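If you want the building blocks of each chain, they are given just below.
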Amino acid sequence: MNVVAKFDDRNDDDLMAELSAAVAEEQLVPADAVDDARGAFQLRAVDQEFALLAMLYDSLLDQEALVRGASRASVRTLTFQRGELSLEIEVTDDSIVGQVIPQQAAHVTLTTRQATLGSADTDEWGTFMMPRPAVGSVRLIWSTASEKLVTDWFSL
Amino acid sequence: MSDVTTNTELVNAAARGDQGAWDLIVKRYLPLVYSVIGNFRLSRSDAQDVNQTVWLRLVEHLDDIRDPRALPGWIAVTTRNEALHLLRKRTRTVQFDPMSNPMFDDHPQSPSIDEDLLRSERRQVLREALAELPQKQRELLLLLVADPPVSYREISKRLRIPLGSIGPTRARYLERLRATSALKVFLASDADTNQFGA
Numbered sequence: 001m002n003v004v005a006k007f008d009d010r011n012d013d014d015l016m017a018e019l020s021a022a023v024a025e026e027q028l029v030p031a032d033a034v035d036d037a038r039g040a041f042q043l044r045a046v047d048q049e050f051a052l053l054a055m056l057y058d059s060l061l062d063q064e065a066l067v068r069g070a071s072r073a074s075v076r077t078l079t080f081q082r083g084e085l086s087l088e089i090e091v092t093d094d095s096i097v098g099q100v101i102p103q104q105a106a107h108v109t110l111t112t113r114q115a116t117l118g119s120a121d122t123d124e125w126g127t128f129m130m131p132r133p134a135v136g137s138v139r140l141i142w143s144t145a146s147e148k149l150v151t152d153w154f155s156l
Numbered sequence: 157m158s159d160v161t162t163n164t165e166l167v168n169a170a171a172r173g174d175q176g177a178w179d180l181i182v183k184r185y186l187p188l189v190y191s192v193i194g195n196f197r198l199s200r201s202d203a204q205d206v207n208q209t210v211w212l213r214l215v216e217h218l219d220d221i222r223d224p225r226a227l228p229g230w231i232a233v234t235t236r237n238e239a240l241h242l243l244r245k246r247t248r249t250v251q252f253d254p255m256s257n258p259m260f261d262d263h264p265q266s267p268s269i270d271e272d273l274l275r276s277e278r279r280q281v282l283r284e285a286l287a288e289l290p291q292k293q294r295e296l297l298l299l300l301v302a303d304p305p306v307s308y309r310e311i312s313k314r315l316r317i318p319l320g321s322i323g324p325t326r327a328r329y330l331e332r333l334r335a336t337s338a339l340k341v342f343l344a345s346d347a348d349t350n351q352f353g354a
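Chain order of the listed sequences is L and Z. Counting from 1, one number per residue, gives the positions in the first sequence under our numbering. Counting from 157, one number per residue, gives the positions in the second sequence under our numbering.
Partial list, derived from the structure: chain L residues whose beta carbon lies under 8 Å from chain Z:
1) Asp12
2) Ser20
3) Leu52
4) Trp153
The calculated label-pair distances, taken between Cβ atoms and stated as ranges, are:
5) Ala302/Z / Arg82/L: 46 to 52 Å
6) Arg309/Z / Asp93/L: 58 to 64 Å
7) Ser312/Z / Ala21/L: 20 to 26 Å
8) Arg332/Z / Pro133/L: 50 to 56 Å
9) Arg328/Z / Arg113/L: 44 to 50 Å
10) Glu295/Z / Val135/L: 39 to 45 Å
Simulated from the structure, these hints should not be mistaken for lab results. Bear in mind that the values here come from a model prediction, so they are computed numbers and not experimental data. Ideal placement from N, C-alpha and C gives every residue a C-beta, glycine not left out.
Excised from the complex, chain L in its bound form:
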């Protein structure tokens, strides 16, 4: 609380200082960030056809794995889940290997907001592999007979 509670709105100079910080904070935001954030909403119409697998685990954010030194290795693992269905992927410097559990025959696509970066078919164990693109906000999409599925967005 300390730092935050110091400010006193009854004092004109304090209020002006805070106002100044408030205005500066908004000016720090680059213009293209506003466009990106607003534009994200346009995917909502598309997204409503899809069932979402939420991100459950990301080794890059795993404190214990960091202590063990696991994340220093060049493999990053991510898990997405929706009910009984899950998708695990391993991202290395040059590839993305994934497995849909339980096994599904599917054509899995890696996309950004604008473009498809890669795609692959699952094999008899539900696993697939594709080249890993450089960087960006991406997600995986695939369809089954009954539904269209999509993972949470993640940054490569």
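Chain Z: place on chain L using the hints.
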């Protein structure tokens, strides 16, 4: 949307497909995203990736937000996590000194999410309060906090008000600012924690 629209109203409207409500959520919380990003040493393009991922993920989770009052917390934590993981990825690939631990060295002073949230919420309220003021009042206050600073003489010339009246006018407009619904609602909702020093 009225001057003081709650997060609950905004989230519900956005979940029904209202782009205007979404844009207001963006206006309200984009500075929070960037102030959290500012705690990390990220390149401009990494910052852009983090920002994009946060908003894309929020679009998908609009229907899952059970308590929209938790929205700023969700945004702050998601931003921090995304920023952290980009930072770790970069420090992992650019590690010259095996004795240093970039994970801990890189942001030892990074303030807690709670502090970020409180500060950012207060500033957001102030921006909304400022937006509520009539243009003339807002203009003077904005000139007074401009960066780089604008001299009183210049302000007097631009707004066509006598030099000597700027001080008293500022005091009067700050009173108006305190009386805006944005500030009053904030002070009322926060009376127990005394955030605005009221």
